[in-house]
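Engineer: Given the coordinates of chain A, assemble chains B, C and D onto it according to the supplied hints.
So the sequence lines, in the order shown, correspond to chains A, B, C and D. If you use UniProt numbering, the first sequence closes out at 379, no skipped numbers anywhere. If you use UniProt numbering, the second sequence closes out at 379, no skipped numbers anywhere. If you use UniProt numbering, the third sequence closes out at 379, no skipped numbers anywhere. If you use UniProt numbering, the fourth sequence closes out at 379, no skipped numbers anywhere.
Calculated directly from the structure, the hints in this document are not laboratory data.
Which copy? The list can't say, so a pair holds if one copy fits it or any two copies do.
In the DSSO-like style, the derived pairs of lysine-lysine whose C-alpha atoms are separated by at most 27 angstroms in a straight line are:
| id | residue 1 | residue 2 |
| --- | --- | --- |
| 1 | K370 | K250 |
| 2 | K71 | K99 |
| 3 | K370 | K182 |
| 4 | K71 | K131 |
| 5 | K343 | K53 |
| 6 | K246 | K370 |
| 7 | K180 | K250 |
| 8 | K160 | K294 |
| 9 | K7 | K53 |
Chain residues, written in single-letter form:
Protein chains: 4
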Amino acid sequence: MNKGKIKLGLIGGGPNSFIGIVHRIAAYMGEQYQLVGGVFDIDHASGIAFAEKLELDTSRAYESLEVFIEKELALPADERIEVVSILTPNFLHHSMAMKLVDAGFNVICEKPITITAAEAVELEQLVERKKVVFCLTHTYTGYPMVRQMKAMIAAGAIGKIQKVDAQYYQGWINPFIHDKDKRAQVWRLDPKKSGQSCCFGDIGVHAFNLIEYTTGLEVEKVLADIDTLYPDNPLDVDGTALIRTKDGVKGVICASQIATGEENNISIMVYGDKGGLKWEQENPTYLTYMQEGKPAQIFKPGNPYNAEFAQESTKIAPGHPEGLFDAMGNIYKGTALAIRGEKVREGAFPGVKDGVRGMKFIEAVLESNKQGQAWIEIK
Amino acid sequence: MNKGKIKLGLIGGGPNSFIGIVHRIAAYMGEQYQLVGGVFDIDHASGIAFAEKLELDTSRAYESLEVFIEKELALPADERIEVVSILTPNFLHHSMAMKLVDAGFNVICEKPITITAAEAVELEQLVERKKVVFCLTHTYTGYPMVRQMKAMIAAGAIGKIQKVDAQYYQGWINPFIHDKDKRAQVWRLDPKKSGQSCCFGDIGVHAFNLIEYTTGLEVEKVLADIDTLYPDNPLDVDGTALIRTKDGVKGVICASQIATGEENNISIMVYGDKGGLKWEQENPTYLTYMQEGKPAQIFKPGNPYNAEFAQESTKIAPGHPEGLFDAMGNIYKGTALAIRGEKVREGAFPGVKDGVRGMKFIEAVLESNKQGQAWIEIK
Amino acid sequence: MNKGKIKLGLIGGGPNSFIGIVHRIAAYMGEQYQLVGGVFDIDHASGIAFAEKLELDTSRAYESLEVFIEKELALPADERIEVVSILTPNFLHHSMAMKLVDAGFNVICEKPITITAAEAVELEQLVERKKVVFCLTHTYTGYPMVRQMKAMIAAGAIGKIQKVDAQYYQGWINPFIHDKDKRAQVWRLDPKKSGQSCCFGDIGVHAFNLIEYTTGLEVEKVLADIDTLYPDNPLDVDGTALIRTKDGVKGVICASQIATGEENNISIMVYGDKGGLKWEQENPTYLTYMQEGKPAQIFKPGNPYNAEFAQESTKIAPGHPEGLFDAMGNIYKGTALAIRGEKVREGAFPGVKDGVRGMKFIEAVLESNKQGQAWIEIK
Amino acid sequence: MNKGKIKLGLIGGGPNSFIGIVHRIAAYMGEQYQLVGGVFDIDHASGIAFAEKLELDTSRAYESLEVFIEKELALPADERIEVVSILTPNFLHHSMAMKLVDAGFNVICEKPITITAAEAVELEQLVERKKVVFCLTHTYTGYPMVRQMKAMIAAGAIGKIQKVDAQYYQGWINPFIHDKDKRAQVWRLDPKKSGQSCCFGDIGVHAFNLIEYTTGLEVEKVLADIDTLYPDNPLDVDGTALIRTKDGVKGVICASQIATGEENNISIMVYGDKGGLKWEQENPTYLTYMQEGKPAQIFKPGNPYNAEFAQESTKIAPGHPEGLFDAMGNIYKGTALAIRGEKVREGAFPGVKDGVRGMKFIEAVLESNKQGQAWIEIK
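Isolated chain A, as found in the complex (with noise of 0.2 angstroms):
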């Protein structure tokens, strides 16, 4: 039944966590979904206690994901919840994202997909076996001004690319990194919460996906230099990557979690014959259009000239800023649209390919390093 709301399910995400109510709230941004239940906390008691508060079914804040498989299967299917979000620490989210799509759940999963690229793969396959819907929260791919530059290389306005520039540069490590107890306390930076890669696997890739989200290019190969600042720190802080995509087209993508000062400043710049187009995440509501010989175009949401995607992914007149959340929003509402099996438009969420082309991409940067910056084709 497609007619009313859609019954969702969380997998973390409980009291005081951050990731928890941005997902919350995206889902009620566009009245698709109704929180309905899941595994909100560890402590089964304050899991409860969370569900009281936002005057859910307590039956329904189940102690483990194995008794929430367990009872949500045993009822009615248009009682049943119907997605899943997986907010749970890194290391967790294949194994968990394995037994719902076996069960037969839609998942929105928060990045990072898996710890491996053969975990994603493997998570890949059962995606397609299931044919569940499976969005990736890869969140900045939900602004307007994004799915506009998007919309506008794909038709054409910026001729054929020939350099791709992204960045991802944070500072908030920096008053960690410095002290050998301090650093040893960061979750991030421990290789078993977090994964293989701390820099590349939790921003990097995010400059990374907007490259091919933008571009519809395949990045081919990678040759990347890495920084852990101390010898041991285990994991990245900082980096450089040198990318080449399948149609020879060069580029560069830099992340930092030790540029001091600097918050969450991802942006990306892309060139081509014709024109070139820069998008900072910090400012999302400008997209700046350069053309051979004329001024610059600024490119602003909510406006009749954006494409018909963008203009899908404002909810407000021009000049009142959406952020962040608004975002997250425009990506919840696609995942509903492939959810209800409607008409859904490429690009509109994020999906376990992306996960998985992340993931080697994160490989390929380790790998690329640890030869000494060799050059490894992302397979």
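Structural biologist: Relative to chain A, chains B, C and D alone:
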């Protein structure tokens, strides 16, 4: 009972309403409200369909305000709608607010609060007598950096204020105003629907409110020059108001709907004997703080260096932009606290007093212009 | 003879003069002038030393204006100084300009042209009778993007003008104004040295000039509210002027020297029925052009898409910023063309008429304020 | 004798030369130089006409460098040209500089200093032996805010540097590069005229220089990936270089001439363990200083809070933009001090060592690319 969500009703804001989606998202955002019912549309069938789409109990999609009040009052107190958002056309705000307040409902009211200052005063008295919570949605006061500005000024960051300047420029009327037939069809230019003023009533009053909100100063008198552009257009589409505060501070408020190409350019600059502060709505995450003899500083949301009030008004880490929906969400959150009887920070939501001040300002502007730009006191 | 460089004399602007270096560099820049002599300092010995430092013929470092005129007139015409820049304190401009013009010299005069409007008119009549070239250095008119703005408006890019807004905010008086002794020592606050007005005389008039320069409109009347901040301070340090042009366009001019933290923030916005244009002096290489329903465009100097007038006002390839010295250099270049009797583009340099307009504006502002904010015509 | 102006000669830079006007204005600006003669054009008659136009002694408009040297050396020392600016095509810089230095002239040389690193080293040795002043015009080092950045880093404002990133993006080659005939005619793409590298030789080296200039770090090795875009184009038009400094700091230099729509977008970001600094050439009057846990600060020229070096590099009050000509003027001023034998601040002008470093960097970039992106040491 303070535990559960606050039961929310809506009057207006149904299908295809731009302002409706803003209020609903704002209500969802803080997880403080549960939308229960309302009068969603003039057409009852359409209102019921809307309730169905949102999976509400259709029996609470009422045909009129009168029925709404009667039926809700008949419910047990713990089932009853506790707060009602009024999102109807301007000319209905006053009478609806009077009826709802009189019946004991808390109210969240779209701007303008009423059509005349006298009506606003009447409403203010009723609100005081009935001791209900009344929120007027001057949305821009919900931005974290506006609240930071208010907190910094209160803390003396710029010293004694010596100059204020606020501007609200839009261009949206330009495509309609130059054609006699077209301008006759713009509802905002129709005194019956829009009230006494278009430009100052709709946007100039926001600039006025931002000044009083951030500075704590009270504007004592105004001298205004307004423009209808064409003699057959009964309402202002542009104008400038000189202002003086009780403390003798001089300032200016510029407003225009014929500033062709401008989208929603509202900004405020306040200068004191120790420093200055500047903020622009279209780049809401930047607050510029200038001090005598020092480099300007750029304050951004989500940072611990901000005042508590500003910190509480952000949901996310620094560098992730929040926008208009988040600003409205903050106002809804503040209102929820008040409804629950909890301690509420001054400025957490604009109230009936702001409405009275705004209406008096608008009438003073009109009177000043009528008298050929005379100084008119705001009593 | 038009072949060689124009012989330039300076009155004032000697050692340690800030404005002196601006004019000399402006003169050198276009390689149109040769500095030959002048009255460089009240102290003759210091003036001679200055001439020596600049490797000038010290016999042409005169002790007074009278001697300057006498000695130069005694020289053969082809050796004589052809144009004199007046860089003395404000109160001397008028008498010096009168003497020089009367003696047949071309004049480049710093702002303000005179202390009163009557003096300016007197000077204007003499200039017309003597048929000399007279340049008043409203420096901001020399910026390429201001000229582009003028050219675009003249070419109809924004259609019929319907709103003008110019602002000039500084904070430099703030450190002096709050202390009775300090403010008594600021020469700009001393009517004997500064003239009738401080804020409007020094900076407000620039905003006025920019409006008339870029739009071609003539301001017909003004209503102004000015502020001295302290009763014992005789001159304005802040104010706002409502304006109306002959064609009925309304607008506003805001000026302040107590906008704490502001450096030299002069900006102009002009809106027509087809589009709008915005420019800010502190970012002088960007001109924003907004059109109904289209993305805003950013015009930058050095590009072939600019009007000829703007192109001629840049010396360098796009992307290499030019600044204030270059703007003044453009005005000197325009003046040189006029002195040589060559065809000069309208607007290539501001003239005596701009001086008369400015003085009348200042007097109207003061009179309006004196009458309690009445409308005063600029005759 | 230190009293008078320094006698300046020019080689090249005559009629219609873009770079000629930059150098002449820079020389005039500080009133330290007097242009006396030179070899203004390959065509002697045209050179003489140019001298006439500038009112120079035409007997010092020489037909060749050889004649220039012979005739000037024949003059008494106090009449002789003391410093010569070399503004000829790239391939002539080395031989001309060698001859001039060998003859004892001080030299101001346009970039690139030579075609090969070996030539640069040869020149460096001669300069040292001859004890002349040698200035290489890396113009961007003349901006006040670049000097402020250098001074702040030296003073420890950002602590120990941990990441550097510089970029130089232009799009000017785009209109020519895609057509086989057109690109064959671009002199910068002709190795005979331009040298071994186009993009890195012309602009990438500026980014490299800015890094070493502002940080004081020495780049030890590079790994570069460059792009000619078409196989028949012999020279690079785009590329990225990974860098490592002697202290183990990692960084990246991005350069492109096919960044379509970019004008002259050179920027630098340096991050340390205490803060970060960012500067962009197209907005040269803003320097962003970020500190851990504090609002970012915006430094602007002309303010007493700046370092002395930066203060000395501004001629005017805050808020009046200075640009590229002023930057070059600062370099000329620094060179003048050195020629006069006065104390010169480190960094007051770039010298032959900067030229040697730059050429070695360029050759390392090319070698790295040739070897398939290997790490190459800069010896």
